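So the sequence lines, in the order shown, correspond to chains S and F.
For the first sequence, position 4 matches number 4 in the numbering used here, and the numbering has no gaps at all.
For the second sequence, position 183 matches number 183 in the numbering used here, and the numbering has no gaps at all.
Hints in this document: simulated from the structure, not taken from any laboratory.
In this text, all values refer to a predicted model and were calculated from it rather than measured experimentally.
Virtual Cβ for every residue (Gly too), placed ideally from N, Cα, C.
Any given hint could turn out to be false.
[To be verified] Partial pick of chain F residues on the chain S-facing surface, computed with a CB cut under 10 Å:
1) Pro98
2) Leu104
3) Ser114
4) Phe203
[As the list claims (entries may be wrong)] Straight-line C-alpha distance at most 30 Å; calculated BS3-like pairs for lysine-lysine:
5) Lys116/F <-> Lys9/F
6) Lys43/S <-> Lys200/F
7) Lys9/F <-> Lys89/F
8) Lys200/F <-> Lys116/F
9) Lys125/F <-> Lys89/F
10) Lys43/S <-> Lys89/F
11) Lys9/F <-> Lys36/S
12) Lys2/F <-> Lys43/S
13) Lys87/S <-> Lys9/F
14) Lys116/F <-> Lys36/S
15) Lys125/F <-> Lys2/F
16) Lys89/F <-> Lys36/S
17) Lys220/F <-> Lys36/S
18) Lys89/F <-> Lys220/F
19) Lys87/S <-> Lys43/S
20) Lys125/F <-> Lys87/S
21) Lys116/F <-> Lys220/F
22) Lys116/F <-> Lys2/F
23) Lys43/S <-> Lys9/F
24) Lys89/F <-> Lys116/F
25) Lys2/F <-> Lys87/S
26) Lys9/F <-> Lys125/F
27) Lys43/S <-> Lys116/F
28) Lys43/S <-> Lys220/F
29) Lys36/S <-> Lys125/F
30) Lys87/S <-> Lys116/F
31) Lys125/F <-> Lys43/S
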Amino acid sequence: MNNTMYPIAVIGVIAVVTWALRAFPFLLFGNRPLPKVIRYLGKALPPAIMTVLVIYCLRDTSFSQSPFGIPELAACALVVILQVARKNMYLSIIAGTVCYMILIRVM
Amino acid sequence: MKELRFAVKNTIPIFFTYLFIGIAFGILMSDAGYSVLLTTASSFFIFAGSMQLVMVPMMTSGATLLSLAVMAFFVNARHIFYGIGFIEKFRRMGWRYPYMILTLTDETYSVLCSVKYDEGLDEDKAAFLIAMLDHFYWVFGCFIGACAGRFFQFDMRGIEFSATAFFLVVVVNQWRQYRTRLPFLTAAVCALGFYLLLGKEYFLIPTLVSCLAALLFLRKPVEQQEGTTDE
Chain S
1 MNNTMYPIAV
11 IGVIAVVTWA
21 LRAFPFLLFG
31 NRPLPKVIRY
41 LGKALPPAIM
51 TVLVIYCLRD
61 TSFSQSPFGI
71 PELAACALVV
81 ILQVARKNMY
91 LSIIAGTVCY
101 MILIRVM
Chain F
1 MKELRFAVKN
11 TIPIFFTYLF
21 IGIAFGILMS
31 DAGYSVLLTT
41 ASSFFIFAGS
51 MQLVMVPMMT
61 SGATLLSLAV
71 MAFFVNARHI
81 FYGIGFIEKF
91 RRMGWRYPYM
101 ILTLTDETYS
111 VLCSVKYDEG
121 LDEDKAAFLI
131 AMLDHFYWVF
141 GCFIGACAGR
151 FFQFDMRGIE
161 FSATAFFLVV
171 VVNQWRQYRT
181 RLPFLTAAVC
191 ALGFYLLLGK
201 EYFLIPTLVS
211 CLAALLFLRK
221 PVEQQEGTTD
231 E
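Looking at chain S on its own, in the form it has when it is part of the complex (with noise of 0.2 Å):
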């Protein structure tokens, strides 16, 4: 393959795979009605799935060598907590977000 067109080869790939596995449980369903079980996974899976994103986003912390994933979870504890007081989404991430960046550059 040439060197123009395998770029666009690999973008064309990736956004398939990328939209096929997006849209297969539209597929899967079509337009016939929701079984039950699915609609009750579709409530009781998005605190589940967030939970995970959550510590997926965390998995590249070490905690075996410093500064032993202190950034981390203290930024992580700043967020619950401005958000548990607050509620205010920005003022959470924004102060969880510049309390990490301080935090991994002096640790």
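Mind docking chain F on chain S? Use the hints.
Just chain F, lined up with the frame of chain S:
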């Protein structure tokens, strides 16, 4: 237009996340010698941050299309689970239906999961604008990175934590919104278990599959605690 204002307000955290990660991707692409057009097109069509970042070194080393397809499958397989909660909502959205499906990223998914629509708002329109804005932020960030990467000399290390913080905020909100704790506990137990068992590279998909299985198994108690045994 109140729907647009609402959508902007609810996607501000995504704006920052996508802008910075997009810039990082754009810089990576331009350093690897790919054109601005190619970078922007890849962001427009693929719209999946982590896979695009993985794509760059694979592309420069001339990986086969098959290995890229397999990689894309594993990196993005989590997206299979996102549609499950949105089938009925998206179906109602008419011509916007395919767009909503194809742009369902981690971030758009989490906004749509957590958003509280104001009274009198056209919900479908607002959801569509949320998806479109997120898509736009991503393409815009990548474009900026590809064009002007050299001018971004300041050290933005750690900015990616804004995505983690956003997901965590969604979990806190859901924790308040749901009466049952089982989905959260199931997820934490499965994720930590598979993380310890399989390591950080491979734990995601087994975790999601086992969460799905466990929640099917726990259907009775979850519905009892939630008090919504199918109306």
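Violated hints - listed by number, lowest first:
As far as the earlier hints go, 8 and 11 are violated by this structure, in ascending order.
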